Amino acid sequence: MSVAPLRPRRAAVAVLAIGTLVLGMAVAPAWAERADREKEVDVTADHSTLDDLHQVYVLTGHVLLTKGTMRLTGERMEHHQDERGYQYYVVIAAPSELATFHERRDPVQPGIESTVDGVGERIEYDDKTDQVILLRRAVVKKFDNGEQREVLSGERIVYDGRKDSYEVEGRNSDGSGGRVHMVIPPRSNPEASGAASTGPAGSATGPGLQTDRNLPSGKPPEDKP
Amino acid sequence: MAERFASWFAVLMMLIVLVSSYWYAQTLRNQASGDSGRIGQVDFFAEKIALTGFDVQGRGHYRLFADHLTHFGNTDDVDLTNPRLMSMRTDQPQVQATARNAHVHNNGETVQMRDDVVVTRAADGNRPPMRLDTEELFAAPDDDHFWTDAPVQMRSGEAVMHGVGMDFNNIEQRVELHTQVTGNFPPRSKP
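Line by line, the protein sequences give chains A and B. At position 139 of the first sequence (counting the first as 1) the number is 120 in this note's numbering, and the numbers step up by one without a gap. At position 25 of the second sequence (counting the first as 1) the number is 625 in this note's numbering, and the numbers step up by one without a gap.
Next up, chain A with everything else stripped away, as it sits in the complex (with noise of 0.2 Å):
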């Protein structure tokens, strides 16, 4: 389910369960940066075998793939490539440990630089539709100038960077009930600026955040402060 771009008012912190249903949300607008999608792809690894009949990398042992500002690391990368040119980066965790995803935001105010940083067990990252998707013990947060500003966690979260949206599902793989964490810090207030961007589990605090029009119907945040 994807929903209406939020808007952050105050100070606000979320945590919200909502079992297996999805809910979406739009920060700040700020486009992943436009100008990574016409670089090219730099990887380095241990190892590397291509499936020279389908024409599939899968590198290994310390891999890191960037693009741009764009960055990726983990353990086995999977690289394919449609018959139109299209490529499709799977980026997986060693065991117990997480993937890393980073890329800087096309700028929307002066004198700030957006940045995001996610993990997640797996990431796969769609050059087609300009989409990343992190899986398992997924985090993504957004920093402002290196200031952490939203915070999402989940079971799955698809970044979308052409719509700038994200879409957290906290639903396990085994399709049993997840927690999906938000934490949503002020815009620009400097009196509240102090009271956010705690951490993924909730544990700021904030006078409250409008979340209702976000949420199924019927689905009321557990956790509201």
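The set of hints was computed from the structure by calculation and includes no laboratory data. The reader is advised that the hints may include incorrect statements.
Claimed, not checked - Reference listing, derived: stretches of chain B covered by chain A, where coverage requires no fewer than 3 residues with Cβ under 8 Å from a Cβ of chain A: (1) 752 to 764; (2) 769 to 775; (3) 780 to 788.
Claimed, not checked - The following residues of chain B were derived to be distant from chain A, with all beta-carbon distances above 10 Å: (4) ALA606; (5) MET613; (6) VAL718.
Said to hold, decoys possible - Restricting the straight-line Cα-Cα distance to at most 20 Å, the calculated cross-link-like pairs of lysine to aspartate or glutamate (DMTMM-like) are: (7) LYS20/A / GLU758/B; (8) LYS648/B / ASP667/B; (9) LYS109/A / ASP63/A; (10) LYS109/A / GLU758/B.
Keep in mind the model is a prediction, meaning the values are calculated, not measured. Built from N, CA and C at the ideal position, the CB exists for glycine as well.
Place chain B on chain A using the hints.
This is chain B only, laid out in the frame that chain A set:
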């Protein structure tokens, strides 16, 4: 006095013939073993050779060309200059390997190629052509298998990969780079 001189002259001539014969024999022996100090005696040379390997059904499996061939009788090994090895399998895209020099071990079981080694795999269907560049490469022509411990550059279509150590199995259609892998995938070219 004249008789004595004639006798010494005959002896001297015989000595000269003896020494000359010994020197000539030694020279020939040294020439024959000049190239083969490491692996044995050369028994023949050939220029502009073309050699065809056959599988058990008698079908041509690979062809080997070279500008110059030196064959070593003791070990049946062969040295090649400017070798070109071409697979002739009909069920796989053609693979070709070239180099400046090569040494063929065990009657063609293994070919060790050196200096400016290039392996190419022809385009096939949706697959772009592939090219491997290295300085030393071993090939097992009967198995369509190529490998090296040296640094390698691999180009497949627009993608370029570098690594150290490689295995290319043309039957399994897999290329492995063993260590220190770096690669570059260019962005999609706009139609």
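Comparing the hints with the structure gives:
1. 752 to 764: holds (count 6)
2. 769 to 775: It holds, with 3 qualifying residues against the three required.
3. 780 to 788: With 9 residues closer than 8 Å to chain A, the region 780 to 788 of chain B meets the three-residue bar; holds.
4. ALA606: Consistent with the label, ALA606/B stays out of reach of chain A, its closest Cβ about 84 Å off (over 10 Å).
5. MET613: 74 Å, holds
6. VAL718: The claim stands: VAL718/B keeps its Cβ more than 10 Å from every Cβ of chain A (closest is about 17 Å).
7. LYS20/A / GLU758/B: 14 Å, holds
8. LYS648/B / ASP667/B: With Cα atoms ~4 Å apart, LYS648/B and ASP667/B stay inside 20 Å; holds.
9. LYS109/A / ASP63/A: 10 Å, holds
10. LYS109/A / GLU758/B: 18 Å, holds
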